[in-house]
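*Asks:* Each chain, written out:
There are 2 protein chains.
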Amino acid sequence: MKITVLSGGVGGSRFIEGLLRTKGPGDDVTVIANTADDIRLFGLHISPDLDTVMYTLGDGIDRERGWGRTDESWNAKEELGAYGIEQAWFGLGDRDIATHLVRTMRLQEGRTLSEVTAELCERWRPGVRLLPMSDDRVETHIGIDRDGHRELIHFQEYWIRLRAQVPVEEVVIQGIDDARPAPGVVEAITGADVVLLPPSNPVVSIGPIAAVAGIREAIERTAAPVVGVSPIIGGGAVRGMADQLLTGLGVDLSATGVAGHHGARASGGLLDGWLVDTTDAGQVPGLQALGMAGRAVPLWMTDDATTDQLARDTVELALSIGRRG
Amino acid sequence: MKITVLSGGVGGSRFIEGLLRTKGPGDDVTVIANTADDIRLFGLHISPDLDTVMYTLGDGIDRERGWGRTDESWNAKEELGAYGIEQAWFGLGDRDIATHLVRTMRLQEGRTLSEVTAELCERWRPGVRLLPMSDDRVETHIGIDRDGHRELIHFQEYWIRLRAQVPVEEVVIQGIDDARPAPGVVEAITGADVVLLPPSNPVVSIGPIAAVAGIREAIERTAAPVVGVSPIIGGGAVRGMADQLLTGLGVDLSATGVAGHHGARASGGLLDGWLVDTTDAGQVPGLQALGMAGRAVPLWMTDDATTDQLARDTVELALSIGRRG
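Those sequence lines, one after another, are chains A and B.
Going by the numbering used here, the first sequence opens with residue 385, and the numbers climb by one from there.
Going by the numbering used here, the second sequence opens with residue 385, and the numbers climb by one from there.
Keep in mind that the hints were calculated from the coordinates and are not lab data.
One or more hints might be untrue.
Which chain B residues stay away from chain A? Per the calculated CB distances, all over 10 Å, these [stated by the list, open to error]:
#, residue
1, 460
2, 473
3, 488
4, 499
5, 502
6, 598
7, 680
8, 704
Output of the computed footprint for chain B on chain A, the stretches with three or more beta carbons under 8 Å from beta carbons of chain B [to be verified]:
#, stretch
9, 510-523
10, 585-593
Derived contacts from chain A toward chain B, CB cut-off under 7 Å, selection only [unchecked claim]:
#, residue
11, 459
12, 463
13, 464
14, 471
15, 473
16, 475
17, 478
18, 479
19, 485
20, 534
21, 537
We put the CB at the ideal spot given by N, CA and C, even for glycine.
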């Protein structure tokens, strides 16, 4: 079976770990990772979601933090602060820097982000084919109010420095209109047996991936069922900081709200099916009304067992929906 | 008194520390640092001599090693090795990386190396005016024999990876013909009361500085006495690794040999005076025959007291020679 996953960072990575532990021996997993939260800082090209997937699946992640490297030190970051560099709010670990250096160096040599990702994965051997959504530069900026006037700041600054606690007035995905899918991305979607959306942020993770025109089109035309997992459980984001991002865009803070935001494939959206938490079981009929299959299962990935069961449930819902046409 | 020093890295920095401890309260020190051992590695612009001077005088140097930062960690370097990056032989410390990141970022923003150096020195407050010899890119490459054919490698690779143990067939200072003195450099030489050459490598430290046409010319026309300290004591380099570099260029491994390599100002060279170690006192008459003042004093900078005395002796020799014209 060919499984293709559209993924953000932390939630996506954990879900994929479950998928890899539970998949059949002949199953292949391709991960298309969001690159819209990439940022150039300190002259470095940083790809947080690609790195989180790569480190998590390659067993290099700090599991407690959920991002960044194991056995990390923060000396370069401390020194950047001592130099008065303003962006030293970014979580730049010393081990992590090596990844950014290799990526930046290769991009400057004229390689694509796909090629660099493949090179980095030669070391990490994540057990999946890891593809950036696009080799073109895409950056999510968040519009906030600063003393009465609108200011656009990079998503990372919003997320890390402001801890996502400021109301969101606008989300601008710069470069998205010109972004082409990276090599292999379209084929991975159209050639898949199932396409899965892990519990990732609908606005800044899944949103940008699906906003790449060629990817959107591939999702529209793939025969594979597309099934997602709600990142909202009982009215709050699994990783709490996403609340402002959703409400700022008028997305209802509920499993059904996010499903409606993505939309049903039957009516030009992304989803054939949507998993909600058992505490949200009452929303399943509403999902069916939206035009998608709904199912309530435990969504909290608190340990390997629950994560594995969620991966199984997601694949099962997809298979129960079956291929189109 | 205005004191201008042409400096390489370790030896120069130690000498300047002595100078700062012993100078009069109204004396100003300007340091013109070699930038020909600068290297671009991992996409970073690294300026080893500038950094060694800055860290040493700003009390950020690891005194035992003589280069790099105190309390340093090496995680990024280890990771670069794990990625199979070949140049991971370079001593890239995690704290040190921050300096390279700031420098590289600023240069990419269009600032000059002089401007970046000034910015970095705002933090380190080295107590001197620190100027790069040039804002133009200059790189020393060493010609070695590899299986019967000549290969040019960067000086840093020769010095660090090969530990300077391979015969030198050629020294090529790339870019030197087009390099202009950085702002303030010419004035610092022509306006000085004394110009001092600490015990730095004559081929790869003092050599490139003096090879910048505008600097050479400023040395020719300054009225200030120019006095140097031999980096050779009793037939060996104070920092042993320089031997191959000197002999490969036909420089006699002696205090007088290096003095002759630099040449007397009276005959178009660099020096009005030269300090040799007391063990080399027998060479003083030969120096006078070369057309420069010679004096034998203890040259080993083993502690603050000996370093300070050497700084005093150097200034004293310069003052005893006096201004020209």
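*Asks:* The structure should be examined with respect to each hint, and the outcome stated for every one.
*Replies:* Tested hints:
1. 460: Violated, since 5 Å does not exceed 10 Å.
2. 473: Given that every Cβ of chain A is farther than 10 Å from that of residue 473/B, nearest at about 15 Å, it holds.
3. 488: Non-interface label on residue 488/B violated, nearest chain A Cβ at 5 Å vs cutoff 10 Å.
4. 499: At roughly 14 Å from the nearest Cβ of chain A, residue 499/B sits farther out than 10 Å, so the non-interface label holds.
5. 502: holds (13 Å)
6. 598: holds (30 Å)
7. 680: holds (43 Å)
8. 704: holds (43 Å)
9. 510-523: violated (count 0)
10. 585-593: violated (count 0)
11. 459: holds (4 Å)
12. 463: The hint holds - residue 463/A has a Cβ within 7 Å of chain B, the shortest such distance being about 3 Å.
13. 464: holds (5 Å)
14. 471: violated (10 Å)
15. 473: Because about 15 Å separates residue 473/A from the closest Cβ in chain B, which is outside the 7 Å limit, the hint is violated.
16. 475: Nearest chain B Cβ about 14 Å off; hint violated.
17. 478: holds (4 Å)
18. 479: holds (5 Å)
19. 485: holds (4 Å)
20. 534: violated (26 Å)
21. 537: violated (19 Å)
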